[in-house]
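**Q** Spelled out from the first residue to the last, the chains are:
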Amino acid sequence: MLEALAYKPMRLHGASPMILLVVSLGLYTVFEATISLIFGAQYYTLGKALNAHQINLGIATMPVIQFVTIILFFGFYIGLRIFLERTFIGKQIRAVHDSTTLAHIIGMRTDRIILIVSVIAGAILGVCGILIGYDVGMEPTMGFNWLFKGMISAIIGGMRNLKGAFWGALFLAFSENIAVWIFASEWRDLISFIIFIGFLYVRPQGIFQKKVGF
Amino acid sequence: MKKIILAVAAVAVVGLAVWRHQVITRAPETDKPIVKIGVLAPLSGNVAIMGKPVRGAIEVAAADLNARDNRYFYQIIFEDHLNEPMRAATIVKKLVFVDKVDALISFNAPPGHVVAPVAEENKIPHISLCSDAKVASGKYNFINWTQPESEARKMTEMIKKKGYKSVALAVLNHQGALAISDALVSELNAVGIQNRTWTFNGGVRNFRIEIEKMKRAIAPDLYMVLFFDPELTLFIRQLRDSGAKTDVTGIETFSIFSNPAVLSELEGAWYVDAAEGSGETMERIKAHNKSEATFDLGNGYDSLMILAKAFEAAPDKAGAIDVLAAMTEYDGLLGRLTRKGNVFDSEAAVKIIRGGKAVVEEVK
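Protein sequences appear in the order of chains A and B.
Heads up: the first sequence is residues 1 to 214, going by our numbering.
Heads up: the second sequence is residues 1001 to 1364, going by our numbering.
Since the hints were derived computationally from the structure, they do not count as laboratory data.
Mixed in with the good hints, there may be bad ones.
Quick list of simulated restraints, FRET-style, between CB atoms [to be verified]:
| no. | chain 1 | residue 1 | chain 2 | residue 2 | range |
| --- | --- | --- | --- | --- | --- |
| 1 | A | 21 | B | 1064 | 54 to 62 Å |
| 2 | A | 44 | B | 1191 | 39 to 47 Å |
| 3 | B | 1197 | A | 174 | 24 to 32 Å |
| 4 | A | 205 | B | 1191 | 55 to 63 Å |
| 5 | A | 104 | B | 1003 | 30 to 38 Å |
| 6 | B | 1117 | A | 21 | 35 to 43 Å |
Each computed SDA-like pair below joins lysine to any residue, with the alpha-carbon atoms no more than 20 Å apart [what the hints assert, rightly or not]:
| no. | chain 1 | residue 1 | chain 2 | residue 2 |
| --- | --- | --- | --- | --- |
| 7 | B | 1052 | A | 41 |
| 8 | B | 1357 | B | 1287 |
| 9 | B | 1052 | A | 36 |
Covered by chain A, per the in silico footprint, the following chain B stretches (three or more residues, Cβ under 8 Å) [as the list claims (entries may be wrong)]:
| no. | segment |
| --- | --- |
| 10 | 1040-1054 |
| 11 | 1149-1161 |
| 12 | 1195-1202 |
| 13 | 1228-1234 |
| 14 | 1237-1251 |
Keep in mind it's a predicted model, so treat the numbers as computed, not measured.
C-beta: ideal position from N, C-alpha, C; glycine also.
Given only the sequences and the hints, what does the whole structure look like? Please build it.
**A** If you want it as structure tokens, here you go:
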């Protein structure tokens, strides 16, 4: 809906990616405030059923919800890779990703492809939100922190790269939790930002992206 | 057309803001001179569970005062600081410079730290409802709250009575919680009870790793949780999810669950709380609030009464601070409050969870 009502009209008016980013942040604020007005700004937990039982993997014990999250993390990655590499729509998405202009010139319905990507991304984010809700609860303002961590993961792995986002997220999650284990919970976000700044300084293109020269 | 719509929308927004300000600060119909009291409390968000009841208590106190044959009429202006110091900084300036209040009441330590210097600079008496005594600095700033030392003494007494040997403290990085934990650690060390503190920044949602570290570090037989919600709910849930059946307690914390379901899961648990009033006035406040919550009601009610006592006894509004400074004790809803420095201290209470509610009880 957002794609059809907000982003597509703006693209048609020639809005740059930066403008679209600013618009998305504005919409984020509107949605956050609307959710707060309707449901209240309080924190909500979605129930205990998925946390009440622990799964023992020998080297680690975790609640069922975290096990489900890990399975879905790998599942989404493998599923998306197969979708992008083996299906016709997936190949069209990759073509639009490489060059929207060229894809449009050769007759692809680029707006439709962008709409499909928006729907897939929204569906995956919806599942992620529900998993977080069951794991640690949810509140209207929770989104920005996760958005930021997602961006750091993508930068670590290499922007515009599915494999990079996957390994970047794994690397960031392990680093944060190991830091909490060795030091204290106050180090969690600090470690994220140290890694983020370190990558921007040493390898801004990320782990899996080749350096582009001028 | 678009420009017209935008202009109409802008005018509507400005009009709405002006109308709201007029409604909130409208002068009451009275022949008496007015004393304006600004109240800064969390009236929305996760900490509203503490702010909304105190608002009700102050409303009842104001109604009681204005029904008496007092010299002044007391007008209360409530503002929501969401428990955010930055928001409190803006609001206190609005209350002082726009509404021109004669006194201030603020809730919780971080906003209290922001309000205190403004009150001092503008010579406005300010009573903060918080645990951190540092807020009561200067001539114009006071605290009306059961002090951490009183609560820590009561808690240590309970820990000794119950025979606990090792206590893990999970503490929010917040002035009030840190003041309580510092007092408690010093009391526990004095009687030789093993303890260790883990401090958490606000916003932590996953405590599982730290809980495992606590278990391995000192094998606690009691967890002391000094958080607000949602961290409080999440910590206790994740502790139980980890399989730990160990007792959990807190100082003040169990009174401020925003999720009543968690309280019922803690049936039989005991904790130490700030003083709680009783009697007909408390019942009236609860009826006014349409809630059984008792946390901070007495402090809110008594704070306004203390300020009113000072204004009524002083020759003029400016002299209220001298009456306040000379007050050594006050008999209020919380019993006898004794003045230590600029702090009105009250007796800590032990509460126990019965039927999903926290009740004051003599714990064996």
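**Q** For every hint, state whether the structure bears it out.
**A** Hints and how they fare:
no.: 1; hint: A/21 to B/1064: 54 to 62 Å; verdict: holds, 55 Å
no.: 2; hint: A/44 to B/1191: 39 to 47 Å; verdict: holds, 40 Å
no.: 3; hint: B/1197 to A/174: 24 to 32 Å; verdict: holds, 27 Å
no.: 4; hint: A/205 to B/1191: 55 to 63 Å; verdict: holds, 59 Å
no.: 5; hint: A/104 to B/1003: 30 to 38 Å; verdict: holds, 33 Å
no.: 6; hint: B/1117 to A/21: 35 to 43 Å; verdict: holds, 39 Å
no.: 7; hint: B/1052 to A/41; verdict: holds, 14 Å
no.: 8; hint: B/1357 to B/1287; verdict: holds, 17 Å
no.: 9; hint: B/1052 to A/36; verdict: holds, 17 Å
no.: 10; hint: 1040-1054; verdict: holds (count 4)
no.: 11; hint: 1149-1161; verdict: violated (count 0)
no.: 12; hint: 1195-1202; verdict: holds (count 4)
no.: 13; hint: 1228-1234; verdict: holds (count 4)
no.: 14; hint: 1237-1251; verdict: holds (count 5)
The earlier numbered hint that this structure contradicts is number 11, and it is the only one.
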